[in-house]
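Trainee: So you can see what is in the structure, the chains are spelled out below.
There are 2 protein chains.
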Amino acid sequence: MGALHEGHISLMRQAAAENTDVFVSIYVNPTQFGVNEDLDSYPKTWQEDMDKLQALNKELNGQTGSGRITAVFAPITKVVYPTLPPSSEITGPGSFVTITPLGSLLEGASRPVFFRGVATVCMKLFNIVMPERVYFGQKDVQQTVVIKRMVKDFHLDTDVKIGPTEREADGLALSSRNVYLGARRREVGVVLSRALKAAEKKYLQGKRLRADILWPANEVSSSKMMEQDDLPPSKRARVEVDYISLADPDTMEEIEVVDASKGAILSGAIKMLPLEEPQEREDCGLGGGAVTVRLIDNIILQPIK
Amino acid sequence: MGALHEGHISLMRQAAAENTDVFVSIYVNPTQFGVNEDLDSYPKTWQEDMDKLQALNKELNGQTGSGRITAVFAPITKVVYPTLPPSSEITGPGSFVTITPLGSLLEGASRPVFFRGVATVCMKLFNIVMPERVYFGQKDVQQTVVIKRMVKDFHLDTDVKIGPTEREADGLALSSRNVYLGARRREVGVVLSRALKAAEKKYLQGKRLRADILWPANEVSSSKMMEQDDLPPSKRARVEVDYISLADPDTMEEIEVVDASKGAILSGAIKMLPLEEPQEREDCGLGGGAVTVRLIDNIILQPIK
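Chains as they are written, first to last, in my numbering: chain A, 16 to 320; chain B, 16 to 320.
No lab work stands behind these hints: they were computed from the structure.
Some clues are possibly wrong.
For identical chains, the list gives no copy identity; a pair is met inside one copy or between any two copies.
[To be verified] Calculated lysine-lysine pairs in the BS3-like style (CA-CA distance at most 30 Å, straight line):
(1) Lys93 <-> Lys176
(2) Lys59 <-> Lys320
(3) Lys67 <-> Lys320
(4) Lys93 <-> Lys167
(5) Lys217 <-> Lys67
(6) Lys167 <-> Lys59
(7) Lys277 <-> Lys93
(8) Lys93 <-> Lys163
(9) Lys93 <-> Lys320
(10) Lys320 <-> Lys212
(11) Lys216 <-> Lys67
Modelling step: build the complete structure from the supplied sequences, incorporating the hints.
Mentor: Below you can see the structure in the form of structure tokens.
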């Protein structure tokens with residue numbers, strides 16, 4: 016969807032290392048945004064994106080045995096949705112791919128059209144480009160599970176490759192939406208990755224029960240919420256937890272016990288609420304701190320043999 | 016779906032004339048049958064089907080420049096639906112292709128899961144076989160419109176070819192379900208093709224208004240219904256009209272006036288009700304005349320340049 020950051024670039028590097036020709040698709044897909052979601056305000060940074068791709072190709076040119084970014088596929092919506100204008104309503108008309116219940120859980124619970132839109136546009140992109148391999152970032156973990164399921168269920172002839180989540184030094188997962196955070200919310204936003212790390216630690220220490228794994232995550236996030244609530248509105252960045260999940264890696268359904276031979280997916284979503292009292296000269300991010308920023312993150316609890 | 020008749024064979028002949036290798040898929044797809052529909056009773060005639068295909072290949076072997084039936088693809092359901100058992104409920108779980116509102120009209124109105132099942136299984140079959148051309152019979156006209164829409168909207172790399180409806184001498188369209196009719200209902204069932212023919216005649220005479228085109232079709236079917244109602248139960252075959260439709264050829268939406276440069280689709284569905292009093296030694300068809308048999312038929316009103 017454009018607004019390229021180091022997470023995307025690292026995926027392209029991986030693709031170039033494993034293939035001769037890399038196609039980059041840049042398309043802000045309307046059908047994955049709900050009626051009241053941020054389609055119009057989604058960052059559009061075409062020139063910066065092209066500059067980053069050219070810089071990447073320069074870097075790849077210096078490497079023997081590496082592929083190149085061969086093409087950028089940036090279609091207009093009439094090409095992607097040739098018959099009917101794309102609908103953002105769950106009951107709206109159109110030709111769609113639905114993956115249920117997988118697409119209705121977690122991220123799909125708060126965004127009912129999201130995975131329908133993702134699966135639909137990926138089916139179209141795959142059919143147009145016919146790639147031998149497709150690359151997705153682990154950051155959007157449920158998306159990777161949905162795409163793998165779609166490829167399996169519809170017998171698509173492509174390999175789904177997942178690249179690791181790129182992070183800031185303190186652990187915050189890179190996201191195109193981070194530009195809306197600003198300094199104050201940026202600092203508090205790292206709580207999500209810390210909470211998940213605390214839970215992962217329990218799994219690595221041998222815990223398998225949901226309660227044993229999740230309590231430190233809930234502990235970390237609750238204490239951060241309370242800490243911020245106690246600060247004056249001029250200094251605080253309030254946060255709400257959407258969910259902290261411990262789920263089956265194939266179905267994304269919540270589990271009570273981790274089967275260590277399968278592993279599990281630990282994931283979470285938080286909302287960074289608008290700044291109540293932005294200060295003069297404060298770095299409030301794109302949008303001046305007025306928009307709620309929803310952050311997601313996850314850690315795969317790897318199978319233990 | 017197997018139960019091959021001359022309609023299927025004529026499609027395969029057409030495919031063999033236009034291609035070197037013809038793949039025949041035989042699969043009774045559960046997701047296009049509703050919970051209370053006739054999945055279990057759908058005719059399964061594997062050996063007869065294979066005999067017909069071998070006879071066809073013998074015929075094709077005698078022709079220079081013709082292709083052959085190269086393979087029959089007859090998968091088990093676990094192959095077609097690898098993750099979840101296929102659901103027959105409209106709200107059921109699974110990975111589906113939906114085409115709305117097109118798939119909800121006409122045949123889709125009385126069978127809500129039907130076109131979802133058809134589109135889903137065809138997407139899978141196309142992805143598995145990767146055919147250059149796919150062949151469908153015009154008999155299931157809404158299915159042809161749904162498949163053409165799916166190919167366009169999902170950018171599938173295949174040509175959709177439509178073969179004409181094969182008919183008995185008196186006009187009855189061939190259908191795998193005709194074996195359930197028996198002699199008495201068979202004779203009355205021809206009313207549908209006669210009604211549509213009467214409407215087509217008006218179009219060919221220059222009529223363009225819905226009322227002017229459809230009244231003779233309604234006239235033909237009503238008088239047949241009344242004629243049968245007046246007969247004693249031992250002699251009659253009662254018939255109900257599901258719909259007689261005059262629709263846009265791309266959207267299948269009902270139209271008030273035919274745009275002669277586009278043409279239109281004239282279609283209908285009737286129900287042959289169970290025989291009330293089957294007679295001794297009467298040919299009542301498979302199932303002894305006890306099952307309702309739904310018949311569909313259509314005529315394309317061709318564009319006039």
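Trainee: Compare the structure with each hint and give your call.
Mentor: Checked hints:
| no. | hint | in the structure |
| --- | --- | --- |
| 1 | Lys93 <-> Lys176 | both (29 Å within a copy, 25 Å between copies) |
| 2 | Lys59 <-> Lys320 | neither (44 Å within a copy, 46 Å between copies) |
| 3 | Lys67 <-> Lys320 | neither (40 Å within a copy, 53 Å between copies) |
| 4 | Lys93 <-> Lys167 | both (28 Å within a copy, 12 Å between copies) |
| 5 | Lys217 <-> Lys67 | neither (39 Å within a copy, 64 Å between copies) |
| 6 | Lys167 <-> Lys59 | between (32 Å within a copy, 28 Å between copies) |
| 7 | Lys277 <-> Lys93 | between (42 Å within a copy, 22 Å between copies) |
| 8 | Lys93 <-> Lys163 | both (27 Å within a copy, 17 Å between copies) |
| 9 | Lys93 <-> Lys320 | between (49 Å within a copy, 28 Å between copies) |
| 10 | Lys320 <-> Lys212 | within (21 Å within a copy, 70 Å between copies) |
| 11 | Lys216 <-> Lys67 | neither (36 Å within a copy, 65 Å between copies) |
This entry does not satisfy hints 2, 3, 5, 11, going by the numbered hints stated previously.
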